[in-house]
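*Asks:* Using the hints provided, position chains B and C relative to the given structure of chain A.
Residue numbers (the UniProt record's numbering), protein chains in the order written: chain A, 1 to 157; chain B, 1 to 157; chain C, 1 to 157.
This list has only true hints and no planted wrong ones.
Using C-beta positions, here's what the derived DEER-type ranges look like:
1) A:Glu28 x B:Asp97: 25 to 33 Å
2) A:Val94 x C:Glu27: 19 to 27 Å
3) C:Pro52 x B:Trp57: 36 to 44 Å
4) A:Arg62 x C:Asp95: 50 to 58 Å
5) C:Ser70 x A:Asp48: 16 to 24 Å
6) C:Arg130 x B:Arg72: 36 to 44 Å
7) B:Glu133 x A:Arg148: 41 to 49 Å
EDC-like mimics (lysine to aspartate or glutamate), calculated; alpha carbons at most 20 Å apart, straight line:
8) C:Lys102 x B:Glu28
9) A:Lys102 x C:Glu15
10) B:Lys139 x B:Asp97
11) A:Lys44 x C:Asp24
12) B:Lys139 x B:Glu125
13) A:Lys44 x C:Glu115
14) B:Lys44 x A:Asp24
15) B:Lys102 x A:Glu28
16) A:Lys139 x A:Glu9
17) C:Lys102 x B:Asp24
18) C:Lys102 x B:Glu15
19) C:Lys44 x C:Asp90
20) A:Lys102 x C:Glu27
21) B:Lys102 x A:Glu9
22) A:Lys102 x C:Asp24
Pulled a few chain A residues facing chain C out of the computed Cβ check, cut under 10 Å:
23) Phe8
24) Asp48
25) Ile91
26) Gly122
27) Asp145
By construction, these hints were calculated from the structure, which means they are not laboratory data. We treat Cβ as the ideally placed atom computed from N, Cα and C, and that holds for glycine.
Spelled out, the chains give:
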Amino acid sequence: MERMALWFELHSLQERYVSVLDNDRLEEWPALFTEDCEYGIIPKENADMGLPVGIMWCNNQRMLRDRVVSLRNANIFEAHTYRHMTSGLDITPVDADTVEMKANYVVVQTRANGESQVYQAGRYEDRVVRTAEGWRYQKKRVIYDTSRVQTLLATPV
Amino acid sequence: MERMALWFELHSLQERYVSVLDNDRLEEWPALFTEDCEYGIIPKENADMGLPVGIMWCNNQRMLRDRVVSLRNANIFEAHTYRHMTSGLDITPVDADTVEMKANYVVVQTRANGESQVYQAGRYEDRVVRTAEGWRYQKKRVIYDTSRVQTLLATPV
Amino acid sequence: MERMALWFELHSLQERYVSVLDNDRLEEWPALFTEDCEYGIIPKENADMGLPVGIMWCNNQRMLRDRVVSLRNANIFEAHTYRHMTSGLDITPVDADTVEMKANYVVVQTRANGESQVYQAGRYEDRVVRTAEGWRYQKKRVIYDTSRVQTLLATPV
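The shape of chain A in the complex, shown without the other chains (with noise of 0.2 Å):
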């Protein structure tokens, strides 16, 4: 019965990830991390190799603030649609607030002239904590299979 509330509570945290990502809510994504977060985005090579440098990382909530920020004023990107398809979630406890966590993750991009395609395949891999406004991630990491990644400007996966 708790592995299920946890597993409930987790399912509906990843849920709310790609909901705000998916849909222009962009605002809302910083505060599902705390506020000591990190987040990075890496290649599986350099992950499978125990190397932990990506195209991107921030170390606290501000720097995703930020770049919400930078995202919002830049538009000079093309627009486009995301939708993130998860899979495989792998939980770990670690202690009673603390939780290690795995999934797969699949993006599928609508471009500007209407077309859909696998953007992105990867995984995820987080550590989420409870706080009291409910879980939160602390740490993670994107690791991405597919090497064509657009590095700047991009949207968070």
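*Replies:* Only chains B and C this time, still in chain A's reference frame:
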């Protein structure tokens, strides 16, 4: 606990919706809606501008049933198989028996030539109500991102 | 409440199945099946005609383990990463310890050149049984829509 039960029931409804569409059980599809339902397929550009004008509109369950009969009789379109993937379920209770619900979808199509590809991406905006038979769609808006959408005799999304 | 618990347990089994396949933990894959399991990969055309003839058939857990050993030893195929997405889980209890289960799947593949695309779509038809170690697959039929399927030394689906 109550939130979890609601989440379970709405996910089950969505799973059943996807299952009947993708496994050639179209005759069961209308029964997932109320008698007085609304079902529409609308391009994202229109929905974002507040225009509910789409490529299809049904305003009761009977129209959905007629549509299924038409599809079964008119075998003039190429055989294909759909697989609907969904994510990011977002639940907003309205009252004890009514919920507003959003979700992403991606449809992968396999055509007669055996090729599988992303056919359509978009979001669902639903109103579901509790009935004697369980939760049913009172309103479902399918808002598609992809502009190359087959409009003629298309199977439901 | 009991239905919800069953739904949770079967989703968890499916999530674990996807997680071991997609994260290079193939050695854990056979343990998700019973000793006397059946596992087959079958084209949709055959399945729809009631012909269980497919491109692969294993009728016990040992054959699944042998298969994993073969895959590990025979590194002659191009490196690639899979991400299995699933949807539409459909549960039919048979008795207290046996369930028939169906679901959709879509596999996105990223090849050595860094390109990600839909590799295969289809459905699972499973029989799962309750064991001392939890729910396990007694039978799993992978029924693929896509006709361009690699048959030689393919990793499990």
